[in-house]
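With the hints as your guide, set chain B onto chain A.
These protein sequence lines are chains A and B, in that order.
All letters in the first sequence, in the order written, are residues 1 to 444 by the numbering used here.
All letters in the second sequence, in the order written, are residues 1001 to 1210 by the numbering used here.
Take the hints with a grain of salt, since some may be wrong.
Stated by the list, open to error - Beta-carbon label-pair distances, calculated as ranges:
| # | chain 1 | residue 1 | chain 2 | residue 2 | range |
| --- | --- | --- | --- | --- | --- |
| 1 | A | G159 | B | I1140 | 56 to 62 Å |
| 2 | A | P12 | B | F1080 | 42 to 48 Å |
| 3 | B | F1080 | A | E8 | 50 to 56 Å |
| 4 | B | K1025 | A | E164 | 49 to 55 Å |
| 5 | B | G1017 | A | R97 | 21 to 27 Å |
| 6 | B | F1080 | A | R253 | 32 to 38 Å |
Bear in mind the hints are in silico, worked out from the structure with no lab data behind them.
Glycine is no exception: its CB is placed at the ideal position from the N, C-alpha and C atoms.
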Amino acid sequence: MSGKPVLESLRPEDFKAAVRRLAGLLDASSVVNLESCVRCGLCAESCHYYLDDGDLRSIPAAKLNLVIRVFKRYLSPGGRILRGWTGARDFDAAEVREWIDSLYGRCTLCGRCALNCTMGINIPAIVRKGRGVLASMGLVPDGLSSTVDLARDTGNNMGISKVEWVETVAWLEEELQAETGDPSARLPMDARGADFLYLVNPREPKFYPLTLTAAAKIFHAAGASWTLSSDFFDVTNYAFFSGDDSIAALISRRAKEAAEKLDVKALVLSECGHGFGSNRWEAPEWLAEKTGFEVKSVLQVVTGYIREGRIRLDPARNAKTVTLHDPCRLVRMGGIVEEQRFILRQAVKDFIEMTPNREQNYCCGGGGGQLSMTDYTARRRSAGRTKSEQIRRTQARVVATPCHNCLDQLAELNKHHKLGVVVKSVLELAAEAVVLGPPRTGGG
Amino acid sequence: MNALRWGVLAAGLISLGALTFIVLKALSRRHPPFFAAPQGRASSGIAYALGRGLLPWEKESARLHLAVYIGGFVYHSGIFAGFGILIVLAVGVPLSPFVWTVLRVASAAGLTAGLGLLGKRIVKSHARRLSVPDDYGANIFVDIFLAGALAASFGPGLVPVLFGYSIFLLLYIPLGKIRHCFFFFLSRISFGRFFGRRGALPPLKPERER
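Only chain A is shown next, with the shape it has when bound in the complex (with noise of 0.2 Å):
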């Protein structure tokens, strides 16, 4: 387990410290969370990793309880009277190796066992608190935290440098201009004014630059006023997985003053189920301020083109069947529901739903960190096997996602479960059904 020898290390004041950062971390709806679990069990089912393992460790109850027992131990009259009948632990290094196997390495904060709770318990929010007492200990696993690390210390989650990236991007122009065959077609960087700062997923520059240019292929379709910024374009934060809310914040910062250092009238975020989170809905709690700028998901900008017609799609061009994945992220706890759906029934010929769908969807099993902790890698593939059987029943040849932590999980769900489809993000579907020329007007 990584974070081991920390954790040995580890004096009691640190656990006396450690509990005073839970209760410093509970606010009056987390106490009403935990003073609302009956234990019931019913939730067993809405997690992929208990369809999966069938472990009592991944009921989501059993996960929550964790946090519960040691909130009764030190911070409840009835659990401090009554410590064994209600079940309250010391907070002492055993307890610590289970939050940490737990609340890190069973649990993709996708919130599919709130929906289901009978009492309507936020588990996902009580497990991230969890998370951040762990991380105010150094106990994040190291994967997920060197990530965050990175994301500190460069500015972004893969450490790629101010020169890296702009030259990325002045390339990926030229190649914008040899496929629309338009020598107008920018990847506009610092352009003082527009409408929008665009953020993406570093993966995109580093990995896949083909799912940037098909952005920026519908965003000169459509001839937005956008820009990039050469100074942050990460839309990731990786320290909403750690519960470091001290980082969070600070990289939250830094996507608020590219934005105001260009005086855009709004942030957009690219593909990315918990950038869209972390950015929309954490970071103006994170800092404490509202943003004087809009802040949307691509897929809101990109519908609104397709409504207002500044953008024309051929769905003939996508001619294979296309199935749907929803970011937990993005869906359950963003309320970005109905725009991917509304973009690829434009966008391609034969959509088809899985079952379930939007906010009763099963998580693939890439989201809270799992993709970084390596620790856990054949749990994550396992745990992805309830998705893997909702693709597989939908028959679908394509399997379309707006997140790029989801779609590394998918192509690692489709070589492990032998799925045999491929998997692209709903932006590079759109792009590819993109029909450039003379923009249409009315309705799309």
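Only chain B this time, still in chain A's reference frame:
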């Protein structure tokens, strides 16, 4: 008898006071303001959480465990009926035979459901391993109360027993799991507000293929 009656009243007030204190203590923790602009309406989410969102067809967990869901509903209805019997006997309100019948049937059904849920917790391996002593205790204490309320509603001689036991139960409620009843609505409201603001619940668009 009068002393027991006053005892029930005093225990009820102590219990209510302690529960109010516990809830207020929880609510006195910080309420971080929402800085992110809402996408949906918190009020719509709360209305969903306290209404349609409780229905079994809205919740996969309830659909998969329909018997437990119904059992839980019947159990909690029975508990309300049991407390109804206690209040009626303690205050001495005359009731029509029909209302007595409703209270007795609901209590009996609640007791049956409670025992069923207890049995499930004991028999099912995961439920057993997930449980703490308080989970069994809370169920057993309430089941005994329901049996007592039902018996006392038929036999006046058992009323002092019910009163005596109710004093214990009322004083126990703030200490253990049963206090979740005071947090249920708060938890559902918090849930509805969270998902409502984000526009995730209730679904914004009516057209949905499942």
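* F1080/B versus R253/A beta-carbon gap, inside 32 to 38 Å or not -> Because 51 Å falls outside the window, the suggested range is violated.
* Assessment of proposed distance window 42 to 48 Å (beta carbons of P12/A, F1080/B) -> Holds, since P12/A and F1080/B (Cβ atoms, about 47 Å apart) stay within the stated range.
* Asked: Given a hinted range of 21 to 27 Å, is it respected by the beta-carbon distance of G1017/B and R97/A?
  -> violated (40 Å)
* To do: Note whether the CB distance of K1025/B and E164/A lies within 49 to 55 Å or breaks it.
  => Because 53 Å falls inside the window, the suggested range holds.
* **F1080/B paired with E8/A, Cβ distance criterion 50 to 56 Å** => Distance hint for F1080/B, E8/A holds at roughly 52 Å.
* Between G159/A and I1140/B, is the Cβ distance one that fits in 56 to 62 Å? -> Holds: the Cβ-Cβ distance is about 59 Å, inside 56 to 62 Å.
Checked against the numbered hints above, the structure violates hints 5, 6; every other hint is satisfied.
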